[in-house]
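J.: The primary structure of each chain is shown beneath.
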Amino acid sequence: MRVASPDLEQLVGMLRTMLLIRAFEEKADELFALGRIHGTMHLSLGQEAVAVGVCAALRADDYILSTHRGHGHCLAKGADPRLMMAEFLGKETGYCRGRGGSMHIADVRGGNLGANGIVAGGLPIATGVGLSIQMRRTGQVCVAFFGDGAANEGAFHEALNLAAIWMLPVVFVCENNQYAMSMPVRRAMRVERVSDRATAYGMPGATVDGMDVVAVHEAATSAVGRARAGGGPTLLECVTYRYRGHSKSDRQRYRGRDEVEAWRARDPIARLRARLTADGALTEAEADALAAEASAAIEDALRFAEAQPEPDPATLLQDVYA
Amino acid sequence: MRVLTYAEAVREALRQALADDERVFLLGEDIGVYGGAFGVTEGLLTEFGPERVRDTPISEAAITGCAIGAAVTGMRPVLEIQFMDFITLAMEQLVLQAAKIRYMFGGTARVPMVLRTPAGSGTGAAAQHSESLEAWFAHVPGLKVVAPSSSADAKGLLLASIRDDNPVIFVEHKLLYRTRGEVPEAPVPIPLGVAEVKRAGDDVTVIATSVMVPRALAAAERLAADGVAVEVIDPRTLRPLDAETLVASARKTGRVVVVYEAVKTLGIGAEIAARIAESEAFYHLRAPIVRLGGQEVPIPYNRRLEAAAVPQEDDIVEAVRQVMAA
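So the sequences go chain by chain: Y and E. Counting from 1, one number per residue, gives the positions in the first sequence under the numbering used here. Counting from 1001, one number per residue, gives the positions in the second sequence under the numbering used here.
Calculated from the structure, these hints are not laboratory results. Please note that a few of the clues may not be correct.
Short, incomplete list of chain Y residues facing chain E, as computed with Cβ under 10 Å [said to hold, decoys possible]:
#: 1; residue: Y95
#: 2; residue: G101
#: 3; residue: D107
#: 4; residue: L123
#: 5; residue: E158
#: 6; residue: A159
#: 7; residue: L160
#: 8; residue: A322
Only part of the chain E face toward chain Y is listed, based on derived beta-carbon distances under 7 Å [as the list claims (entries may be wrong)]:
#: 9; residue: A1070
#: 10; residue: Q1097
#: 11; residue: A1109
For each residue, glycine too, the CB sits at the ideal point set by N, CA and C.
Kindly generate the complete structure, drawing on both the sequences and the hints.
T.: Following this line, the structure appears as structure tokens:
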């Protein structure tokens, strides 16, 4: 592989992670179709560039708070696909011992303080993580991911205000994927952009193309740098799209096939791949090999997870309290 | 021994915890210069500075989440929610986040935070500033609920709550803030989950919580003059509940009155009565268990109506006579 510069090396790394997320999500979808998943899931297919572009701007010891659509964030923050898959299958050796599942995957040691089943539920918590960082003077940063739907919850407004008045090292990353379940963003808010709301709290706001990992990464790097330097929070809106329904029960009556196809034409993975092959950073064969590597890693994760033990009902009551 | 008011005892526990552990900090509405709506944090800002005695905007959900996030990442926050009623604005963070994070994450995280809050009626503050909602939280696995009734308990239980690695709802009663009692100077925690026999007696067991404890003790004193020996027990912690101590007393006396301020239906007294009825003490009961709880009504403003809405000393005396006559 001809890596001409550290930048290109980093871009190849981002492509690799996006491919891993896509492979995980496609496998999750397949497992659900086969009836092998207990419970629902929220797939992030199409939104890979946001998770990857943002997390690539973070240090290993930085924190993220994720959402119900959190598989991508978790992998982008460096989680082990084997332990994720084990959790997804509800196994004792999964990240949450099979107690959390898809909607609550957390990799606390890796800085992922958890996916969250409550829309905007992570935003107030992010302020506390930011405050703790500020009080412990560790120079870390906390990223709070949330969707466009969360921007209409009261918790969003309270949390952004608190982070702003205390200049907390928090980056609020809105994944605007156009729909809060079935509610289109244009019917749910009067402002043009979610990031317009930053002004109300006295913090910088920006909107970037969430289908372009380079643009996301650049904006995230700037916001993370500001937070780390004591410059306070930022509201970063990444305009993106989920290819699949909200969850597994979604019949998608609220949008047409043409719309989905139009967004798929802007696919973030195809876009980065095209750029890297055009730049000569990767050959087509090398790019294909990366995709095959990602699929193999997910197959390996699945084999690992399948072999893991189920939790013993005798352990049901463990860890309610510390 | 030294005598402190209940409010002073709470403050002393906060001061000692702040001095002892740099991870401890306070946050809440008007807890700094103002000293807290009930003056509990008076003087702590001067002593520990604005970073550790932190005034917040009126954003109950955000400040509760803030305490959670800080707790998960290594701090030990003590949050004041100005009136227990206002916890309703933070229910999601408390019940769906704080209580569940540890379990949902397979034991890989902990949430060592305390939420202190003044509860109860008797101040003329009417329906939205007089709630006793402790049963809501005692219903939630993952939370602990503590309700001290004396100065000594307030201090010792708060120290234990701050040292606990779980989210603790610490329910203070507004009418108790000015009550006085002996309090040891040393920072000695009182273990959570341990009831205390406040007065020993063989004829009837009165299990009372929070402000109902001093009322039950006053009632017991009057009943003693009639030759009725009342045992008064304060569970002190509502979750986990020290059922063993309660059951042992019920078994001994065979007569039980449970007194609590919250609305009677589905209040903590229902749980206590059920625990006794389910236990082997049932076979020793000489009368039906009596629950004396708040009336099925929002707390009214008018002084006479307000007093009529929750158990008073006379009601306790009457209830004890009723079980003695059975």
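J.: Against each hint, give a clear statement of whether it holds in the structure.
T.: Structure-based check of each hint:
The closest approach between the C-beta of Y/Y95 and any C-beta of chain E is roughly 7 Å, which is under the 10 Å cut-off, so the hint is satisfied. The criterion of a C-beta within 10 Å of any C-beta in chain E is met by Y/G101, whose closest approach is roughly 9 Å, and the hint holds. Evaluation of the Y/D107 hint against chain E yields a held restraint, the C-beta minimum of about 8 Å falling below 10 Å. Residue-level restraint check for Y/L123 holds (minimum Cβ-Cβ distance to chain E is 7 Å; threshold 10 Å).
Because the closest C-beta pair between Y/E158 and chain E is about 3 Å apart, less than 10 Å, the hint holds. Interface restraint check for Y/A159: the shortest CB-CB distance to chain E comes to about 5 Å, inside 10 Å, so the restraint holds. Satisfaction of the interface hint for Y/L160 is found here, the shortest Cβ-Cβ separation to chain E being roughly 9 Å, below the 10 Å cut-off. Interface restraint check for Y/A322: the shortest CB-CB distance to chain E comes to about 4 Å, inside 10 Å, so the restraint holds.
Below 7 Å, beta-carbon pairs count as interface contacts, and E/A1070 has one with chain Y at about 4 Å; its hint therefore holds. With a least beta-carbon distance of about 6 Å to chain Y, the hint placing E/Q1097 at the interface is held under the 7 Å criterion. A cut of 7 Å between beta carbons decides the hint on E/A1109: the least distance to chain Y is about 5 Å, and the hint holds.
Consistency note: the structure conflicts with none of the earlier hints.
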